[in-house]
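Number of protein chains: 2
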Amino acid sequence: MRYELYYWPSIQGRGEFVRLALEEADADYVDVARERGAGALTPFLEGKSAERGPYAAPFLKAGKLVIGQTSNILQWLAPRHGLVPKAEAARVWAHQLQLTIADWVDETHATHHPVGGAFYYEDQKPESLRSAGHFVGTRLPKFLGYFERHLARDKGGWLLGRGFSYPDLSLFQMVAGLRYAFPRAMARLEPKHPRLVALHDRVAARPRVAAYLASDRRIPFNQHGIFRHYPELDA
Amino acid sequence: MRYELYYWPSIQGRGEFVRLALEEADADYVDVARERGAGALTPFLEGKSAERGPYAAPFLKAGKLVIGQTSNILQWLAPRHGLVPKAEAARVWAHQLQLTIADWVDETHATHHPVGGAFYYEDQKPESLRSAGHFVGTRLPKFLGYFERHLARDKGGWLLGRGFSYPDLSLFQMVAGLRYAFPRAMARLEPKHPRLVALHDRVAARPRVAAYLASDRRIPFNQHGIFRHYPELDA
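Protein chains in written order, with the numbering used here: chain A, 1250 to 1484; chain B, 1250 to 1484.
Mixed in with the good hints there might be a few duds.
Given that identical chains are not distinguished, each listed pair holds provided it fits within a single copy or across any two copies.
[What the hints assert, rightly or not] Think about it this way: if two alpha-carbon atoms lie no more than 20 angstroms apart in a straight line, the pair counts; the simulated SDA-like pairs of lysine to any residue are:
#: 1; residue 1: Lys-1297; residue 2: Arg-1398
#: 2; residue 1: Lys-1335; residue 2: Trp-1325
#: 3; residue 1: Lys-1391; residue 2: Ala-1311
#: 4; residue 1: Lys-1391; residue 2: Pro-1292
#: 5; residue 1: Lys-1441; residue 2: Ser-1259
#: 6; residue 1: Lys-1391; residue 2: Glu-1295
#: 7; residue 1: Lys-1404; residue 2: Ala-1336
#: 8; residue 1: Lys-1391; residue 2: Gly-1366
#: 9; residue 1: Lys-1391; residue 2: Asp-1355
Keep in mind the hints are simulated off the structure, nothing from the lab. All of these numbers come straight from a predicted model, not from anything done at the bench.
Generate coordinates for the entire structure from the input sequences, incorporating the hints supplied.
Structural data, given as structure tokens:
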């Protein structure tokens, strides 16, 4: 089956977590809006195209099914492409980790948009300074420490231990994105989180991921996505 | 099996979405911190108690399994207690709706804590005024409209059509909480969303939910949870 991924064509954003899974799975997919423009999303988001339409992008069309919510898409894809073990306890844990990463994504986005997505960063700079200060000083170390602790506990180098799974891809993306957005903070924090850094490197070296990252399918980080580099926020 | 729910004992918060499901299911559970105090959560949150511990509350102990993330807990409970249909497409859709409600919860919380959970509301009042203005003016109508549209489409009165499912409980909780937090905005918006109001009333009238709401197990809304009534934010 050829999947259709619908996401904004000019950013990595939340869609990137799905792109990474599709690439690692070597799945047959088309990144619809990169071929036909962002207008391809409109009928779905306006509730005109699908009976059970998504609230927001990304969403994945798989035959008749239209699946929304990043973590939900990943949970659906993973067992079909060997990206999660079979045992239910492992799947529940993988999804829990993915949802925790989703919270981390939200908090990362809020560093430059604390007041709301409706306002430009330039219109919420003082608020962003406070929000980012709290993020870099407290939340970022807490999230990094949480995942580092689990990597230390479930030996094997992956979040689930010896078995590679979809949250590993998402955790790679967090480290990559945070390095782009907060290079100074990450340079300071990374030495304390060697297993996270190693996981990032191991994911980046997986052949399909490496090929994807080197291709023009990988949109570069920029100032419109979740991870944005504003030096004044990187204390 | 007797479940153990771990959540802060003095607020509804995110734990309430789980409490409602446990109550509707007539499940055997203990709300641990309401019996033993909030300290019961500490070993889990510090990573000392469970091999695969949660990042935050709520979490549910079911035998040896410790399940974190509200939506993940509900997804695990639902098929065991008849709170979701058997068909996979229905389960994917139910979870997608639940995750959209989780986003709505986050945005609701951000109306009084836009800069971060580390600061008191009193220390982020101007930012809250902007954030809440955007929420009440734009986001709230969009979320309400989204769910109203699906209720109109999937006739039967429940989100999945004729089959009652766990996101119905959560949607009830959203309407109840938003009425508490934003009574003026909701009074204005509710007439445009009659199916949502009807769903709220139908959930509240379900015998087990009604008994729960009338009991002292239901913690009243207060100024410490997700839904807080600050009249200045209710424009």
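**Message:** Treating 20 angstroms as the Cα threshold, decide for Lys-1335 and Trp-1325: within, between, both or neither.
**Reply:** Classified as both; 13 angstroms inside a copy, 15 angstroms across copies.
**Asked** Between copies, within a copy, both or neither: which fits Lys-1391 and Asp-1355 at Cα up to 20 angstroms?
**Response** For Lys-1391 and Asp-1355, the Cα distance is within 20 angstroms both inside one copy (15 angstroms) and across copies (19 angstroms).
**Prompt:** Between Lys-1297 and Arg-1398, at a C-alpha cutoff of 20 angstroms, which is it: within one copy, between copies, both, or neither?
**Reply:** Between copies only: 11 angstroms across chains, 45 angstroms inside a chain, cut-off 20 angstroms.
**Prompt:** Which holds for Lys-1391 with Glu-1295 at a C-alpha limit of 20 angstroms: within a copy, between copies, both or neither?
**Reply:** between (38 angstroms within a copy, 11 angstroms between copies)
**Message:** Cα distance capped at 20 angstroms. Does Lys-1391 pair with Gly-1366 within a copy, between copies, both, or neither?
**Reply:** between (25 angstroms within a copy, 14 angstroms between copies)
**Intra/inter-copy verdict for Lys-1391 and Pro-1292 if alpha-carbon distance must be at most 20 angstroms** = Answer is between: at 16 angstroms across copies they meet the 20 angstroms cutoff, but 40 angstroms inside does not.
**Request:** Up to 20 angstroms between alpha-carbons, please classify Lys-1441 paired with Ser-1259: within, between, both or neither.
**Result:** This pair counts as neither: shortest intra-copy Cα distance 34 angstroms, inter-copy 36 angstroms.
**Request:** If the cutoff is 20 angstroms on CA atoms, where do Lys-1391 and Ala-1311 land: within, between, both or neither? Let me know, please.
**Result:** Answer is neither; intra-copy 36 angstroms and inter-copy 26 angstroms both fail.
**Item:** Homo-oligomer pair classification [Ala-1336, Lys-1404; C-alpha up to 20 angstroms]
**Value:** Only inside one copy: Lys-1404 and Ala-1336 sit 18 angstroms apart there, 36 angstroms across copies, limit 20 angstroms.
Consistency note: the structure conflicts with the earlier hints numbered 3, 5.
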